[in-house]
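*Asks:* Chains A and B are the protein sequences, given in the same order.
Taking our numbering, the leading residue of the first sequence gets 1, the next gets one more, and so forth.
Taking our numbering, the leading residue of the second sequence gets 1, the next gets one more, and so forth.
I should point out that these hints are in silico values taken from the structure, not numbers from a laboratory.
Where a beta carbon is used, it is the ideal one built from N, C-alpha and C, also for glycine.
A few of these clues could be false.
[Said to hold, decoys possible] To be clear about the criterion: a stretch of chain A counts as covered by chain B if any three or more of its residues have a C-beta under 8 Å from a C-beta of chain B, and this derived list gives those stretches: (1) 32-44; (2) 48-62; (3) 66-77.
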Amino acid sequence: MKREQLYWDEVNEGDELPEITLDINVRRLFLQASGAQDWYPVHFDLAFARKAGHEDVFMNTGFVQAALVRLITDWMGDAGFLKRLAFEMRRQHRPGDTMVCRGKVTGKKDADGTALVFLEVWAENEREGIATPGEATVVLPRTPVAEG
Amino acid sequence: MPYDIEEVRRKYIGFVTAKARGRYPVEHDPIRRHCHMVEDNNPLFIDPGREGGAFCPPSGWLAHYFASLGPWPAVFEPLFPVVPTPGKRIVNMSQEVEWSARIRVGDHLSVVRRIADVFQKGITIDPEAVWIVAEAIITNQRDEEVCVIRNTLLTHRTPEEVAAANADA
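Same shape as in the complex, but just chain A (with noise of 0.2 Å):
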């Protein structure tokens, strides 16, 4: 299915992007696991995780990347390019959380002819709130001029 393309004109500062949201459950670890390929323990494995002292295993980098990636690409479309994206794992998402992910505009300007659009991005649960706060940045496409 073809996806809608936004266009940079169409982009305001303060519009908002649709979120996702995902339940971190035990079907989850082992998706990360697999989707991730990353194996070290702290991410599955209880008992390990607490000997380091953590309370309890927690989702990876690749994971919560991977997440707000799709948070941006959904929004901007196959045409927009993902020029910068940087996010601080502050605080844990467990199971039993509810993981949202959501964005904001907060600015966009004109970069020697490159369309620039600036974005917050953040990871939060209802019980950290915003465990992982971010910003991004996009080049989106000119809305196409109308021939003859």
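Position chain B relative to chain A; hints supplied.
*Replies:* Showing chain B alone in chain A's frame:
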């Protein structure tokens, strides 16, 4: 022998690893599994019959995987064996990825790693925790840079290891 952070900084900041080439080219199924974990059904990434071909999602994690990871047998720890640290437990505290180009299925990626910074800053459970800022520069089969990934890794000891070290002191 006590851990000498200044000696480690002198020796390792600026250290660059040899270029490593991914074991396999960028393939559909690891992308599908990566997307599946976050319910990403974007045909741009998961439709093998897409006109123009499928792309790899712009995830630094996945780029790094195709460029270097996926060893078997799996390597558990230490995850980042280059820099000596008092503790072997690792938490990735932040990541920044700057993209220069898209990655397509069929590309073959390589990586060069660079140690950008090493410093000591205590955390609640380990006053001697060591932080490593590591960069991964990913290139494709045409030697074009596709992205630079910068991770800030926290390495620490377990509470048991800290207690044992305090008892020995």
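*Asks:* Each hint needs a verdict: does it hold in this structure or not?
*Replies:* Verification of the hints:
no.	hint	in the structure
1	32-44	holds (count 9)
2	48-62	holds (count 6)
3	66-77	holds (count 6)
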